[in-house]
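A.B. asks: The task is to assemble the complex, starting from two chains supplied on their own in separate frames and drawing on the hints.
What follows is each chain in one-letter form.
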Amino acid sequence: VSPLNHVNPTAGNHPHDELAAYTLDAVDGDERRMIESHLAVCPLCRREVAAHQEVLSQMIADESPPAGVWDKIAQETQPRGRPQQIQAETQTPAETPADTPAETPAETPARQPRADDLVQLTTRRPPRHLRTAERARSRRLVVGALAAAAAVVVAVGVGPRVWDNLTGDESPPTTLAAPDLPVGDITAANGTTVAYVRADDRGSYIEMADQMATLPSDRTYQLWSLDAPDPVSLGLLGTGTDPTVRVSLPEGTTRVAISDEPAGGSPAPTGLIAGSGDLAVPA
Amino acid sequence: MLVTSAHSPDGAPARPRPTVVARIVADRGERSDGDLVAAMADGDHDALAELYRRYGGAVWGVARRVCNDRTLAEDVTQIVFVDLWRRPQRFDPSRGGLRPWLVAQAHARAVDAVRSESARQRRHERESQYAPPPSPDVEATAHVAALSQDMRRAVNQLAAEERDAIVLAYFGGHSYRETAALLGAPEGTVKSRIRRGLTGLRRVLEAQGMTP
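These protein sequence lines map, in sequence, to chains A and B. Heads up, my numbering is the position in the first sequence plus 10, with the first residue counted as 1. Heads up, my numbering is the position in the second sequence plus 8, with the first residue counted as 1.
Honestly, the hints are just simulated from the structure, not real lab data. C-beta: ideal position from N, C-alpha, C; glycine also. Accuracy of the hints is not assured; some may be wrong.
Listed next, the stretches of chain B that the computed footprint assigns to chain A, with coverage defined by at least 3 CB atoms under 8 angstroms from CB atoms of chain A [claimed, not checked]:
no., region
1, 58-72
2, 164-170
One-sided and incomplete, this derived list gives chain A residues near chain B with beta-carbon spacing under 10 angstroms [to be verified]:
no., residue
3, Asn23
4, His26
5, Ala31
6, Ala36
7, Asp40
8, Val51
9, Leu54
10, Val59
11, Glu64
12, Ile70
13, Glu73
14, Gln88
15, Val291
Same shape as in the complex, but just chain B (with noise of 0.2 angstroms):
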């Protein structure tokens, strides 16, 4: 049986105990995202620890999604964590909050990886003739399908055209030309519907008490 340990509480600091349980309770519910940003940029590798806790799991999903391969996102979510240390005065808080931003920093990260991966597949695929891409349908709908139950609800209430638009280019990290060309419709038409798609989605979700 492995037997591990209650360490001893002996040789206690000379720090004062009510201090400690202030700590305590500010850490509990009062250390806020941008006060462990700030306290990351003075050098604090506990607040980036912190910060990974918090938001390691949205970055790697995102990430993972995107990539669909887990070396590609480990490297991804790697490179956004690691970036927040050493630039943390990227994230400016009076433009929203670090869960969006970091999901929006993976995003674009995953989006270069699958597309330089993506090009130097298919100049291997050209080579060996492999099986051709799903169709834009059946990509559109798996997307869906890997989302939430409360999510796919969602955007589930969207116009299919501007759904596939957006589940396209965000999920297959697709270009809007691309995603137009997908679709057999015009890119300005495209760019409409991403932009309809993602209103209406914020509309939905508020209506859903989904949005803080």
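Okay, chain A solo, but in the shape it has when bound (with noise of 0.2 angstroms):
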């Protein structure tokens, strides 16, 4: 006895049973084809499909997928006219021309630089699946305060074009014990946690959760706050390879946010924000 004999919605019947094991991909191709064209007239159906592939959903638990499966992906589908990858210091990885100062380097500063402006962001251990070459790139991203950089400005020779701070604030992170620095979670749109801002006797530092995605490496994280009326940049956490990042909060810092932006970072978000929380310090 077939089992689809009642799939014709003619007949007002729902083959409830085989939509479930459709929904299970547990069916042969010939029960698909007929569920499918069932399903392409029948709206109730359609909808008890939609409810149990809602309940299987809740079975996964979200994992985060390898560094290189975004690479993979990007690398098919990133559209024609737009560089896939960052190599030659003479392309630029800007989605809007306007976007991107980090190109244009040395011009006549659009305003003076501030001091919340300086940070030094520092990784606390050598990410593990960063390739040499890679790394020894991260290691020339040594950039920063903006004093210097308005004084002189290097693109380094290989990777994207970064900005370097040749006085660089190079002192290692503050010993002081226990400062009162504010720790919070960074959440994404959907309420995962992509990140947290934590602290201990050396200062601030960046954790990445789980969650947060691998960037290709011509793209980069950066961290702001959103405590002025405009985003002000607490620096570049990378592509989220490395697990933690150390960074320098001013005083007072509340609401941070991190986004997706051109390797080499941006003067305002221009990219997605990946996500963003409020801080305290703990009692």
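C.D. replies: Encoded structure:
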């Protein structure tokens, strides 16, 4: 007896059992085709399948995909005319030319650097999965101090062009004991926690949650303070492969966000906001 | 010590600041999945990146569970997002959320991958006289054990034969006919168990406040 005798919607019956097996991808090709032709004309059964899919999707816990997966997807989907990988320093990772001040260094700055633009980001421990070349490149991501940037800007020879800070605030993180530093969670629009702002006796740092996707090498996460009317850059966090990144938060920072920017960063957020959160000093 | 940068915000674009702030606020809470899919259909690659950030973990999660093989699961994850990019119109928001839909896409691809992979393996096993597969009991128990604590509690409220039929078919990638053979039950009975199990699970999750 064919299980699909009552698939015909005009009979007023709906193939409930078959729909359930179909949702589990547990029917064979012929059955699938018949069920799909029924679904094409039966909104009730489409709703039933969607309800089953909803239940099944809850059985699935999010897990962090391997770093290389996004790179492969990006490679296959990158629209033409946009660079896939920013290798040459003459190339620009720009989406829109107006948004790429990092690519037009040494021009007259539109505004004076502010003290709180100065940050120092230090990786806490070497990222495990960074290849040697990439690691060497990130070593050259020595940037930051705007005052210095205004004085001398040197584009590095390899990889994305970045600000190179010659004076460089390279003093080690403060060793003051347990300072009153704000901490909090950074969550995505869908409620997933993507990173944590934490502090230890060496200062503040960002810890990436497993849910934080790894960016392709021509992108970077960038941390922002949202306390002022204009977002203020607190520094670059890399592609998400570093589990922790040292940051320096200006005093009184209460709202931060992480955005996805072209490598080298942006003066104001141009990419999507990966997450945002409120910070508070623990009592 | 590695000192990375605060990049310098000089050379700021002419774009008015309030727009930037407004966009941040909008991005924080209001960029819906539907908006992102629409943007992606218009060629916005950043929208795809954001959707991957939101759901790459779920797609990878189901692919890895069903494939039980990282390389296969990577291929599945890649196919699902490339397909989303190329044929965004396949997602119909009126039929439900994007996450369940993507998980379903990934499941279908994973099952395809496993079936062709296992057909290959079976040929190989016939030749090399491999160890027999685990009993359905053991296999079902293993699938249940791999669930989150909440979900484990939920599926364990189902009748055991409903629970086993669902996890063997869903996580084991078995067709209902194979599942029936594994469980020594008639095929029609197994299909009914799957449906009753899914309906029951929905009730359990609603009672626990786990459905949106």
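A.B. asks: Now tell me if each hint is right for this structure.
C.D. replies: Status of the hints after comparison with the structure:
Coverage of the region 58-72 of chain B by chain A holds [criterion: at least 3 residues with CB-CB distance below 8 angstroms; count 12]. Evaluation of the coverage hint for the region 164-170 of chain B: breached, as 0 residues show C-beta separations to chain A shorter than 8 angstroms, against a requirement of three. Because the beta carbon of Asn23/A sits about 14 angstroms from the nearest beta carbon in chain B, more than 10 angstroms, this interface hint is broken. Because the beta carbon of His26/A sits about 6 angstroms from the nearest beta carbon in chain B, less than 10 angstroms, this interface hint is met.
Interface hint at Ala31/A: satisfied, since its Cβ lies 5 angstroms from the closest Cβ of chain B, which is below the 10 angstroms cut-off. Evaluation of the Ala36/A hint against chain B yields a held restraint, the C-beta minimum of about 4 angstroms falling below 10 angstroms. A distance limit of 10 angstroms between C-beta atoms decides the matter here; for Asp40/A the minimum to chain B is near 12 angstroms, and the interface restraint is violated. Interface hint at Val51/A: violated, since its Cβ lies 14 angstroms from the closest Cβ of chain B, which is beyond the 10 angstroms cut-off.
Interface hint status for Leu54/A: violated, as the beta-carbon distance to the closest one in chain B is roughly 12 angstroms, over 10 angstroms. Taking 10 angstroms as the C-beta cut-off, the interface hint given for Val59/A holds, the closest approach to chain B being about 8 angstroms. Given hint, Glu64/A at the interface with chain B, holds; its Cβ is 5 angstroms from that chain's nearest Cβ, closer than 10 angstroms. Interface hint at Ile70/A: satisfied, since its Cβ lies 5 angstroms from the closest Cβ of chain B, which is below the 10 angstroms cut-off.
Because the smallest distance between the Cβ of Glu73/A and any Cβ of chain B comes to about 4 angstroms, under 10 angstroms, the interface hint for this residue holds. Nearest Cβ of chain B to the Cβ of Gln88/A: about 6 angstroms, under the 10 angstroms cut. The hint holds. A least Cβ separation of about 22 angstroms between Val291/A and chain B goes past the 10 angstroms threshold, and the interface hint is therefore violated.
Checked against the numbered hints above, the structure violates hints 2, 3, 7, 8, 9 and 15; every other hint is satisfied.
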